[in-house]
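Combine both chains into one complex, guided by the hints.
Listed here are the chains, written in short residue letters.
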Amino acid sequence: MTGRRDFRQEVGLREDGAHPLMAVEDLVVCYPVARGLAGTLARRPHRFVHAVEGVSFAVKRGELLALVGESGCGKTTTAQAVLRLVEPVSGRIEFDGRDITPLHTRALRPLRRRMQLIYQDPYESLDPRLSVRAAVEEPLLIHRLGGSKDDRREHVREALARVELNPPELFLDRYPHELSGGQRQRVAIAASIVLGPDLLVADEPVSMLDVSVRAGILSLLDRLREGGLGILMITHDLSTAARFADRIAVMYLGRIVEEGPAQSVVRNPQHPYTKALLSVVPRRDPRERSKREILSGEAPDAVRIPSGCRFHPRCPIAIADCKQIDPALEPAGAGAGHAAACIRV
Amino acid sequence: MSLLSVESLNVWFDLDIGGELHAVQGVGFELEPGERLGLVGESGCGKTTTVLGLLGLLPSSASVAGRVLLNGVDILAGGEETIRPHRWVDLAIVFQGAMNALNPVKTVGSQIVEVLELHEQARGREAKARTGELLDSVGIPADRAERFPHEFSGGMRQRAAIAMALACNPSVLIADEPTTALDVMVQAQILELLDSLCSDFGLALLLVTHDLPVVAELCDRAAVMYAGEIVEQGPVDALYHEPRHPYTRLLFAATPDLYGEGVPASIPGAPPRLDRPLVGCPFHTRCDRAFARCVDERPLLKELDGDRSAACHLNDIVAEVV
Numbered sequence: 000m001t002g003r004r005d006f007r008q009e010v011g012l013r014e015d016g017a018h019p020l021m022a023v024e025d026l027v028v029c030y031p032v033a034r035g036l037a038g039t040l041a042r043r044p045h046r047f048v049h050a051v052e053g054v055s056f057a058v059k060r061g062e063l064l065a066l067v068g069e070s071g072c073g074k075t076t077t078a079q080a081v082l083r084l085v086e087p088v089s090g091r092i093e094f095d096g097r098d099i100t101p102l103h104t105r106a107l108r109p110l111r112r113r114m115q116l117i118y119q120d121p122y123e124s125l126d127p128r129l130s131v132r133a134a135v136e137e138p139l140l141i142h143r144l145g146g147s148k149d150d151r152r153e154h155v156r157e158a159l160a161r162v163e164l165n166p167p168e169l170f171l172d173r174y175p176h177e178l179s180g181g182q183r184q185r186v187a188i189a190a191s192i193v194l195g196p197d198l199l200v201a202d203e204p205v206s207m208l209d210v211s212v213r214a215g216i217l218s219l220l221d222r223l224r225e226g227g228l229g230i231l232m233i234t235h236d237l238s239t240a241a242r243f244a245d246r247i248a249v250m251y252l253g254r255i256v257e258e259g260p261a262q263s264v265v266r267n268p269q270h271p272y273t274k275a276l277l278s279v280v281p282r283r284d285p286r287e288r289s290k291r292e293i294l295s296g297e298a299p300d301a302v303r304i305p306s307g308c309r310f311h312p313r314c315p316i317a318i319a320d321c322k323q324i325d326p327a328l329e330p331a332g333a334g335a336g337h338a339a340a341c342i343r344v
Numbered sequence: 000m001s002l003l004s005v006e007s008l009n010v011w012f013d014l015d016i017g018g019e020l021h022a023v024q025g026v027g028f029e030l031e032p033g034e035r036l037g038l039v040g041e042s043g044c045g046k047t048t049t050v051l052g053l054l055g056l057l058p059s060s061a062s063v064a065g066r067v068l069l070n071g072v073d074i075l076a077g078g079e080e081t082i083r084p085h086r087w088v089d090l091a092i093v094f095q096g097a098m099n100a101l102n103p104v105k106t107v108g109s110q111i112v113e114v115l116e117l118h119e120q121a122r123g124r125e126a127k128a129r130t131g132e133l134l135d136s137v138g139i140p141a142d143r144a145e146r147f148p149h150e151f152s153g154g155m156r157q158r159a160a161i162a163m164a165l166a167c168n169p170s171v172l173i174a175d176e177p178t179t180a181l182d183v184m185v186q187a188q189i190l191e192l193l194d195s196l197c198s199d200f201g202l203a204l205l206l207v208t209h210d211l212p213v214v215a216e217l218c219d220r221a222a223v224m225y226a227g228e229i230v231e232q233g234p235v236d237a238l239y240h241e242p243r244h245p246y247t248r249l250l251f252a253a254t255p256d257l258y259g260e261g262v263p264a265s266i267p268g269a270p271p272r273l274d275r276p277l278v279g280c281p282f283h284t285r286c287d288r289a290f291a292r293c294v295d296e297r298p299l300l301k302e303l304d305g306d307r308s309a310a311c312h313l314n315d316i317v318a319e320v321v
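Protein chains in written order, with numbering that gives the first Met the number 0: chain A, 0 to 344; chain B, 0 to 321.
Next comes chain B alone, as it looks inside the complex (with noise of 0.2 angstroms):
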């Protein structure tokens, strides 16, 4: 049983103008305690919406279904009831912009206060001290408790914010694009932070980015999402020098590597609108291996040896995508 398993996650928003966006399409994975895993893709394949669902956390105009066990337990099938128990306290989230998930009108140190008294952690003395911990594990002096979120740089509101996050010693950490506002020196040390948090308290990490690199830095396995589904899974290494399909090794391709070979080549034409059925592959009109099948027929996402699995057609018939 694993610490998190995500089963065939679905997400429908309502548009205005009538019909619906599937914004995620049968997504899953598993997360085990301790365990880094990046959820990538680019703008609009719906790696947000698959965290944002997973906790509860969509606008009325989104019906989520599928199944999220948390230790085995489905904590989606009671709505609200059954996720806020869970919320902060096993499952917590970092987003992107630390900026606007801090109030900017009250002190660093009382926001983590509220936190630990809103879910009964500590009260009073107690939770000021324990603030003052929790500061401290993301490098932050404690002093700093009483200063408000725009004395602090970009990288120490993103510090208190995962302090902030931790406050319910959660076994599950959710950083939605955790460094992408961030300089290049700064999102080193919050990386580091993160890989300590992981290393030393075995928390769980579920990355969500678009950056590559990133991935490839710090997390052990990886889930590439393109036009709302999972399109290939499995360790980062073999993500990058096997991948099984042909978005993953071209997304790859796309990327610039400080002492890479050759010239980054972009991938031609854009992602299929989800407001409409999906016919046939969602990536065969940008593929360079796409054949008659990919057309027709929708790839499911099937199991390879190496702990991976991949959706794409040319599995069935070659070892390995080149």
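So that you can see chain A by itself, here it is in the shape it has in the complex (with noise of 0.2 angstroms):
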């Protein structure tokens, strides 16, 4: 046994003798960048975006695990190659105990069902001709599932009572260009649940709703968690992790820096880059104004990755060995389930 495999026992990612609904051991993504005409003829050498290197994490039933960060940090290309829609590198991904990674197209099919995107923009996802009940049903007919066209009616029925549009006939024969933003997110949530799947990857789910729909549709998502369901979302909101995950893992190029209940990673947050990244979150409260610890710059592109520490360039607390030493995510002394990457917590 790995070292690697002992830390993940000691914080707890693993339920006591169970399996997750969803582990990834080590995930690494890459993917190549053009070199163009010019770059192919001189033989110039192949560059790599390192998207993802090196992340591991669990989701367990009936927990929404929040994986936020900054645009191009990785979390995005972990979801897809959780759902395998990107192939990794290397890298290990359970789903229900099962390791997918080698499984192809075929013997994955029977597995989609089980594990569901909600794409974050409801205006482009659902297509404009299919009426909410044609959009909901779809999903039954590509996986030949419901049964006959009654039990398929009333499996959409059902969708719909779930994600609170009621009554169900009221948005049948709508098209989304009837609907409001928030209303087409519920149609395609319902489009998701209704093949009854154990995992949904939620990629930024809110942020092209209005505010004042936001909350109905993370309310929505955590009654379906409370149902049992696992929920890995995507987000570069850290006020809505904070109020809907369990738990929140930080990533920063392409790994996590940290990560544990949500709770202690908001309010006892260890890494420096955590640090910095809740001090500049702005606050409802005008008296609440932050002091906030503004990082210069922006992060480095994930082509040229940093040597040693990742984050050290920007790191107002980096110090000589942070430039040889590639910390390793380990429990950072603030509860159990929380573990940072930063050789001076």
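These are calculated hints, taken from the structure and not from any lab test. Hints may be right or wrong, so weigh each one.
[What the hints assert, rightly or not] In silico EDC-like links for lysine to aspartate or glutamate, alpha-carbon gap of 20 angstroms or less:
{"no.": "1", "chain 1": "A", "residue 1": "274", "chain 2": "A", "residue 2": "69"}
{"no.": "2", "chain 1": "A", "residue 1": "59", "chain 2": "A", "residue 2": "245"}
{"no.": "3", "chain 1": "B", "residue 1": "105", "chain 2": "B", "residue 2": "145"}
{"no.": "4", "chain 1": "B", "residue 1": "105", "chain 2": "B", "residue 2": "116"}
{"no.": "5", "chain 1": "A", "residue 1": "59", "chain 2": "A", "residue 2": "93"}
{"no.": "6", "chain 1": "A", "residue 1": "290", "chain 2": "B", "residue 2": "219"}
{"no.": "7", "chain 1": "A", "residue 1": "290", "chain 2": "B", "residue 2": "194"}
{"no.": "8", "chain 1": "A", "residue 1": "59", "chain 2": "A", "residue 2": "202"}
{"no.": "9", "chain 1": "A", "residue 1": "274", "chain 2": "A", "residue 2": "287"}
{"no.": "10", "chain 1": "B", "residue 1": "105", "chain 2": "B", "residue 2": "142"}
{"no.": "11", "chain 1": "B", "residue 1": "301", "chain 2": "B", "residue 2": "6"}
{"no.": "12", "chain 1": "A", "residue 1": "290", "chain 2": "B", "residue 2": "236"}
{"no.": "13", "chain 1": "B", "residue 1": "301", "chain 2": "B", "residue 2": "315"}
{"no.": "14", "chain 1": "A", "residue 1": "274", "chain 2": "B", "residue 2": "191"}
{"no.": "15", "chain 1": "A", "residue 1": "290", "chain 2": "B", "residue 2": "191"}
If you want it as structure tokens, here you go:
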């Protein structure tokens, strides 16, 4: 058994006696950078975007894990790799105790029903020519599930009721353009849960919606979670993660730099990147105007990852060792299940 | 006399299918030198139309009425002719997608030089030197002037757009969702920049955004818009701690906060259509405090104590909308 596995057990990433719904270990994903015609002719070496570089996490049933970070940190690539929508270079993805990394398209198909994706933009993700009924029924037809026509109707009605589009009859024959943004996102969620999945991957599920309807969608996800679904939510919004996630994993340049129970990460951050990120989140109450710790510049691109700790060029507390040592995610002494990747913690 | 005073601004759009959409309904606010005012609201509330209207930037399908007084002079009265001398020179605007505001085939520096020359602020070598200073003032090294917009990151492009807006030393900077597409750390950098531009140069800021916490962070006062009108206006601290319009209270309650207690609650329902006359309070169908009078009678924006105003019948009855 490797040291990494020991740590995972130590910080409680594994459920006692049972396997988590989804476990990702040492996931690596990179994309080649286009060299262009001149580059190809000159035989310039291939360069790669190191989008995800050794990410490990687990999602339990009935748990919402928020993967937070700035654009380009690899959070969306991670989500896509988890669903096997992009091919990882290495690493292991376990779904319900089964290693799905080596599975090919055909073998994955029955599993796809059990892991569903919710997209950011409900204006793009719904086919404008499909009625609500047809949009929610379509996944059943694709997966040849749901039994007879009447059974499928019942499934569609149930799914609409679960996403609180009540009464379902009022919505069945409407088209996306007749719905508000929040209602569209509810239809998209209905089309995901109609298959009875175990895992939902929600990529920025509310960032395109108005503030007044966001809370409703997030509360809906929360109720689905209470009903036993595991949810991996990708978000750039720490306030949303703080209020709705059970656990938060903070990503920076392809790595998880801090992970733990949501309230512990938000109230007792350990990694200097998490601390800085939290310090700049605007607050509702003007009296709580924060003492901002603004990092200069922006994250370097993932083609040239800095040596040692990848955060060291922007880190306010970096020391000489940080240029050499690439820190592992280790228990941070901030409570059970709270880990950070920093040699100064 | 205020630096900028907008009085009963109305905007109607002619619809292709006939009829009109009353997008902005009697909006008024004032801005003093160095003051930061947030114009907040959700999509479709008319906040962007308001600023485009007061700058005379709306398409021909729009009709605009009302007064826009700059140092006491109505710049809207003579249409384009009276607005043009002030646009960029006194009132400058920064848009949300900085990539769209910058020309992709020209260097960033040459675009700022163009603004300087067009408005006869400086020419030739002097304009180049001034461009360097402007870029420097927004935190971009002057030697980057020769770069193209695509060579800049999102945050740098937004800084460049701000530098361009500052070219003619305006007294009012209008920023429409200036940080919306940006990451939180870059957003913080831009907010800090806007903050220092206001404190150091006395620039007045009109910040248009859907993001209440950004307003709470940066602005002194805010005007909350709903269905084309301002429903509440006042110091940001008072809006959060003692809202006098239910929409303000519910909007804050719907906004997640890093350390806030409880779970944010959404506001049921949707805003009314603005292509037909509104009867009663535009918010009454979604309001948790609506009563009979709200259905029939439209509340007017009334002055309340504490330098604020709100359009809600409840203020006639109780001292405070809790």
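Which of the listed hints are broken here?
-> none
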